[in-house]
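Participant: Protein sequences appear in the order of chains A and B. First residue of the first sequence: 1017, per my numbering; consecutive thereafter. First residue of the second sequence: 1017, per my numbering; consecutive thereafter.
These aren't lab readings, by the way, just hints derived from the structure by calculation. Treat the hints with caution; some may be incorrect.
You can't tell identical chains apart in this list, so a pair holds if it fits in one copy or across any two.
[Stated by the list, open to error] Straight line, CA to CA, 25 Å or less: simulated PhoX-like cross-link-like pairs of lysine-lysine:
| # | residue 1 | residue 2 |
| --- | --- | --- |
| 1 | K1216 | K1385 |
| 2 | K1153 | K1075 |
| 3 | K1216 | K1168 |
| 4 | K1168 | K1075 |
| 5 | K1216 | K1075 |
| 6 | K1233 | K1385 |
| 7 | K1082 | K1385 |
Number of protein chains: 2
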Amino acid sequence: MTMEKGMSSGEGLPSRASQASAAKVTAKELEAKQPCKEKRGGFVLVHAGAGYHSESKAKEYKHVCKRACQKAIEKLQAGAPATDAVTAALVELEDSPFTNAGMGSNLNLLGEIECDASIMDGQSLNFGAVGALSGIKNPVSVANRLLREGQKGKLSAGRIPPCFLVGEGAYRWAVDHGIPSCPPSIMTTRFSLAAFKRNKRKLELAERVETDFIQLKKRRQSSAKVKQHLGQCMGCSADLVHCENDTGTLDTVGAVVVDHEGNVAAAVSSGGLALKHPGRVGQAALYGCGCWAENTGAHSPYSTAVSTSGSPFLASEDGVLGGVIVLRSCRCSSEPDSSQDKQTLLVEFLWSHTTESMCVGYMSAQDGKAKTHISRLPPGAVAGQSVAIEGGVCRLESPVN
Amino acid sequence: MTMEKGMSSGEGLPSRASQASAAKVTAKELEAKQPCKEKRGGFVLVHAGAGYHSESKAKEYKHVCKRACQKAIEKLQAGAPATDAVTAALVELEDSPFTNAGMGSNLNLLGEIECDASIMDGQSLNFGAVGALSGIKNPVSVANRLLREGQKGKLSAGRIPPCFLVGEGAYRWAVDHGIPSCPPSIMTTRFSLAAFKRNKRKLELAERVETDFIQLKKRRQSSAKVKQHLGQCMGCSADLVHCENDTGTLDTVGAVVVDHEGNVAAAVSSGGLALKHPGRVGQAALYGCGCWAENTGAHSPYSTAVSTSGSPFLASEDGVLGGVIVLRSCRCSSEPDSSQDKQTLLVEFLWSHTTESMCVGYMSAQDGKAKTHISRLPPGAVAGQSVAIEGGVCRLESPVN
């Protein structure tokens, strides 16, 4: 596998790799050429969904990834914790009407938006999450606030603060904590509404087909005829009725961050499946499923942050469709010729997906702007059966505290 | 550590063990004396909460554990799958007004019952869960129904069935699937209402103390005086304000089952914390947190089922309070003198807790009645800092299919 040449090597796209079995990442390091002196450093990697990105939409997705990276780096440079940086990236991704998160999320069976989001802090291992949350523009902000409130210790009367809130209760908590509500009419885009109406028509068609089949069965026609009819129905409906959204069944956005001190954070946000049952909560809200962040400790020299897309619950599916972004970092000894007051943070990062494509962006505080890239399976590779893995390495230098 | 002598050795209590570090379980096997011939076999282990069981309440808890075991074994003997057996045990535990699950659950800040429950099938690895569910007497039944519906494959129009539903959406789904609703007045017991009122008074007191402190601060009194007052407030409130329920802060009931074919299932159900924020979902509803079940496979000769109580999110607490029940089983070669049409299932089981006590029950289809036991930390051991581990082994024989 050819690896991306690094953070400062121009806009050149990483080579792609695809294999059915696990692939080894043999990273090629590249030293950062402009170590940051004044501002605080750090690195962010984001994705705007693993799914199918048409060439026509590619520009939009790259743009939002670029903005998300910039927001996170601005936070890091201002000295904000990794959790606030990762939240800033997610807010930008949620605010895009093209992603299935926050604004423009898939609509559920009742035509409502219900969002899932979670965040994890690698330093404290604290976690915050919301599920099936309506009426809040940025679900990840509520997750981050839950995390922060949780870090303050117990509530009055020794009560343990919540870290995972759902539905109406989550909405109430958010509003009580000063997070403004947002009317559904603003969060629903004309794209998401059009997709909802199209999906509802497909659903009605599919259910009519099923009803016809039950009617047929009731009339006790010959088993052969029933089977023949069923085959026809299923054959004609297979292409028609699979629910989708306008962005090509993209699901979940995510980000991973490491700050200049080596603290990591990860976050994930999703509008969930199109026409899902109200109250359905997906992996983006679930502890240990949607994201993970863990600073270096006695058991590992690496700090690690992961954000996933796709579902571990789909084990029975023919192909598992999903994507993941990962970073790990460790302190390494400075170059012999570097001054004593520097410490170097080595950051390895990768993205991987079994979907047709995945749009990612990444940036270090030493970069002038974010790099973005639409990773695709190679021609001929079958989504759900092949995996693409790409990544890179960068070196961050920052003053010793 | 001395292990329990087995399933058929009378009512003798297992010896207790307590150590601050991980303890090894060196099990002593015992052969079942009355292998079941007609009915199908299996084994169940349940718990009614890890917390503090007063001697006066011990009888109640033992009774409900005994009934829960009997219900599960009846299901297994009737040929029901392990998931239905584990559900039957949980329904019995939920129906007890003495457990913090289903009927008699802790009330939240608004005086409402909101339940979490989940179930996992070791054969399919399918999972079903509900969170913050109100108005349904047996939350585990909804979780089991979600699991079963999920096993039927996709919904119309290719939609993926939900496996985790919360709040109002979960309630609607349950009612739409024929599970009857239950008015709050029936699920709230006089015990849970009395505890709620007491906790509310404690909360009001605690918040008045905090308000006094803020007032003091505003008056810009000397830092020393503020600290002195705070110390007094905290000192006096520490014992007064910690929320509890009438059963001694018990949390979560659970069960693990293995059927005569070696299929395992696990389930867990909880009313959650007293005075929790509405919409709070705890680990009992969370994939990979509240329960796990996994049949033997290429990677392991053992089928394993686990159900937990207590919270992994409480890492920052001084002591981690929790409990767990575990079983694992594997096929082993029959005795040389046994007939060829038998296969033997070796079942190892244990319970462990860091709380003062834990009430468990267990039974195999070969037993006439369930064994129950209140496991306690040894005198002098500090809850949250010591761990008790006890368990046993039994051998199940059943006809080869």
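Participant: Each of the hints needs a verdict: does it hold here or not?
Facilitator: Hints, one by one, checked against the model:
no., hint, verdict
1, K1216 - K1385, "neither (42 Å within a copy, 53 Å between copies)"
2, K1153 - K1075, "within (24 Å within a copy, 52 Å between copies)"
3, K1216 - K1168, "between (45 Å within a copy, 22 Å between copies)"
4, K1168 - K1075, "neither (41 Å within a copy, 40 Å between copies)"
5, K1216 - K1075, "neither (29 Å within a copy, 55 Å between copies)"
6, K1233 - K1385, "neither (63 Å within a copy, 47 Å between copies)"
7, K1082 - K1385, "within (8 Å within a copy, 66 Å between copies)"
Comparing the model with each earlier hint shows violations of hints 1, 4, 5 and 6; every other hint is respected.
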